[in-house]
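Read off the chains here:
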Amino acid sequence: MMLNIGPAHPAMHGIVRIVVDLDGEQIQDADVEIGYLHRGFEKMAEEVDYNGVIPYTDRLNYVSPLINNMGYCMAVEKLIGISVPERCHYIRVILSEISRIGDHLTCVGATAMELGAFTVFLYTIKAREFLWDLVEKVTGARMTVSYCRVGGVKADLPEDFAEPCAEVFKEVRKVLAESDGLLTRNRIFVDRMEGTGVISAETAISYGITGPFLRATGMEYDVRKDSPYSVYDKLPFDVPVGTTGDNMDRYLVRMEEMEQSMQIVEAALLDIPGGAVLVNPETGQPIPAAQMVDLAKMGEIESISGGCAVMGPTLEGSGRAQHASIAVDEKRVAMPAKEDTYGNIEGLMQQFKLVMLGHGLRPPEGEIYFPVEGANGELGFYVVSDGAGRAYRIRVRPPCFAIMSALKELLVGDMIADIIPTFGSVNMIGGELDR
Amino acid sequence: MTSSLIETVTGQFPDSVSASHAFRGDQTLVLRPESVLEVARYLKEDPAMQMNLLVDVTAVDYSTFGKSPAPAFFASSGVTVRPSSQIPDKDPWPGPPASARFTVVYHFYSTHHKHRLRLVVPVEESEATLDSLTPLWAGADWLEREVWDMYGIQFSGHPNLKRILMYEEFEGHPLRKDYPVNKRQPLIGPVN
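In the order they appear, the protein sequences are chains Y and D. Letter by letter, the first sequence follows residues 1 to 435 in this note's numbering. Letter by letter, the second sequence follows residues 1 to 192 in this note's numbering.
No wet-lab data here; the hints were simulated from the structure. Be aware that a few hints might be false.
To be verified - Below are the BS3-like pairs computed for lysine-lysine, each with C-alpha atoms no more than 27 Å apart in a straight line:
(1) Lys114/D with Lys44/D
(2) Lys114/D with Lys225/Y
(3) Lys114/D with Lys43/Y
(4) Lys43/Y with Lys234/Y
(5) Lys67/D with Lys183/D
(6) Lys43/Y with Lys177/D
(7) Lys126/Y with Lys137/Y
(8) Lys177/D with Lys67/D
(9) Lys67/D with Lys44/D
(10) Lys408/Y with Lys162/D
(11) Lys408/Y with Lys44/D
(12) Lys353/Y with Lys408/Y
(13) Lys183/D with Lys43/Y
(14) Lys234/Y with Lys137/Y
(15) Lys234/Y with Lys114/D
(16) Lys67/D with Lys353/Y
(17) Lys126/Y with Lys170/Y
(18) Lys137/Y with Lys170/Y
(19) Lys67/D with Lys43/Y
(20) Lys225/Y with Lys44/D
Claimed, not checked - Here are some chain D residues pointing at chain Y (derived, C-beta under 8 Å):
(21) Arg24
(22) Leu54
(23) Asp141
Stated by the list, open to error - Chain D regions said to be covered by chain Y (calculated; three or more residues, Cβ under 8 Å):
(24) 6-14
(25) 126-139
(26) 162-172
The model shown is predicted, which means the values in this text are computed figures rather than measured ones. We treat Cβ as the ideally placed atom computed from N, Cα and C, and that holds for glycine.
For reference, chain Y alone in the conformation it holds in the complex:
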């Protein structure tokens, strides 16, 4: 019997169509059809300047947008040949790992919900909400954060970020313990997860599968360990691996990865150089930014040239006191500190040259590939530049794509009810899969 599942099926999250050929309840063949969320990311990225691509990257894997931001910015930085300050690396790593926890929580919660454990979904989404509060504290947004910049990040971490972080992690650990208690030895959950959606390490590699999905088969491949980028080589963490490569192993790997990510954040918050400050006591009294603009318009720049401005909530943390530690010291790449934009002609020109059409950031000609470890696996950006103000070609290597191409292999031979846990453990994110 031919059965059409999707594109929008209530038992699956994500827009995908699976046409299965059934013999009784057993799946004989499956045809996976994707592309329902194709928005032409790669075409659009050729039309805007380099920093203009960042909001589009938010919408790739929208469950962990900070990892996409980081991957894209590091790719362009590699193309230009610059490296950001160390504090900026730490900030990016901290936020990436917070996003990764959120992504895994969503995946585990949604899988459990589709298997009937609605409570777990509510618990994990509650924990994700706490994590998003953290993200909101730093970036001002919850999902479409657009936080990284080529050559830095938008703003510094808020003061005493470690405190709310520790509180949230306490909550997240509580939720993880609860979910673990509800799921890991739950007869119904285990029966449906164990032995379903099995894939061997060789087959997984042949499909190009990476990330937790590959690690569940016992293959220890993690971009953070194998081609360390940013400051991951300075931070202690383990790479959990599974043994059988079934849905249960993928669940267990994700559960352990969340704990490892929290340890990375905790270690990074201890090691991060240069404490966050909001005003620089040495350079005088802070002035409200709007007042600074008025003063500058009247030409009274002597009084403000060395001062720090008090920023509104959207620009908080991007002032001069933090600027040196969050953005690269390269005027042709990074935006100036806001005080300079408002307060002197050089800063204004620097801002102007970077944001105006036809000016902007211009990397040298070349092609590079840069991979980072996304929540679902290796997320790579391949960028070709022809020396103009916008990228000639940006290609995203989406981790979901490889896993979805293997979905047929995972499903054939299993029962129709096994589609639900298998598809859940794929953690398909339409934005990233279809771009």
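Following the hints, position chain D against chain Y.
Showing chain D alone in chain Y's frame:
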């Protein structure tokens, strides 16, 4: 180690490799189109290579390279960023292919030796066909379908070369540089 991959492969296939570079440390070989399958098989099976992970297959349309029109207003030189002096730039990028319109770009990774390699294959528009890598990597199936969908480059030996992100009735190949970014086509649902 840095340049040895390029040297090893070039030594093995002196007639197939037409150029190589390591811009920003990315080891890259430019190959003649007819030798893709042969070199890829060597990369996968040779014990010194063991490139078991086909990371990505994509393409670039070089037809407007370096010809981006100057904007009407404020047509200035812009800000050209020179690489920082701390990062040596011994290996400049040799530039786009001389005559071919497209290049198909393969990225390989070895989980045993932890090395990466990029293959760049120039493809003429008139004979836009390459050998498919599906006999070697199952993942090449969808990746090559996407290249066909977006660029119209054919892969001979591919079992199921049809569109993947766009729908069957879609006309043209959207990532080609001559496809206008705001062109609209009627949306038609899948037929099968």
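Comparing the hints with the structure gives:
{"no.": "1", "hint": "Lys114/D with Lys44/D", "verdict": "holds, 13 Å"}
{"no.": "2", "hint": "Lys114/D with Lys225/Y", "verdict": "holds, 10 Å"}
{"no.": "3", "hint": "Lys114/D with Lys43/Y", "verdict": "violated, 32 Å"}
{"no.": "4", "hint": "Lys43/Y with Lys234/Y", "verdict": "violated, 37 Å"}
{"no.": "5", "hint": "Lys67/D with Lys183/D", "verdict": "holds, 21 Å"}
{"no.": "6", "hint": "Lys43/Y with Lys177/D", "verdict": "holds, 9 Å"}
{"no.": "7", "hint": "Lys126/Y with Lys137/Y", "verdict": "holds, 17 Å"}
{"no.": "8", "hint": "Lys177/D with Lys67/D", "verdict": "holds, 11 Å"}
{"no.": "9", "hint": "Lys67/D with Lys44/D", "verdict": "violated, 38 Å"}
{"no.": "10", "hint": "Lys408/Y with Lys162/D", "verdict": "holds, 17 Å"}
{"no.": "11", "hint": "Lys408/Y with Lys44/D", "verdict": "holds, 24 Å"}
{"no.": "12", "hint": "Lys353/Y with Lys408/Y", "verdict": "violated, 50 Å"}
{"no.": "13", "hint": "Lys183/D with Lys43/Y", "verdict": "holds, 12 Å"}
{"no.": "14", "hint": "Lys234/Y with Lys137/Y", "verdict": "holds, 26 Å"}
{"no.": "15", "hint": "Lys234/Y with Lys114/D", "verdict": "holds, 19 Å"}
{"no.": "16", "hint": "Lys67/D with Lys353/Y", "verdict": "holds, 21 Å"}
{"no.": "17", "hint": "Lys126/Y with Lys170/Y", "verdict": "holds, 13 Å"}
{"no.": "18", "hint": "Lys137/Y with Lys170/Y", "verdict": "holds, 18 Å"}
{"no.": "19", "hint": "Lys67/D with Lys43/Y", "verdict": "holds, 17 Å"}
{"no.": "20", "hint": "Lys225/Y with Lys44/D", "verdict": "holds, 22 Å"}
{"no.": "21", "hint": "Arg24", "verdict": "holds, 5 Å"}
{"no.": "22", "hint": "Leu54", "verdict": "holds, 5 Å"}
{"no.": "23", "hint": "Asp141", "verdict": "holds, 6 Å"}
{"no.": "24", "hint": "6-14", "verdict": "violated (count 0)"}
{"no.": "25", "hint": "126-139", "verdict": "holds (count 3)"}
{"no.": "26", "hint": "162-172", "verdict": "holds (count 5)"}
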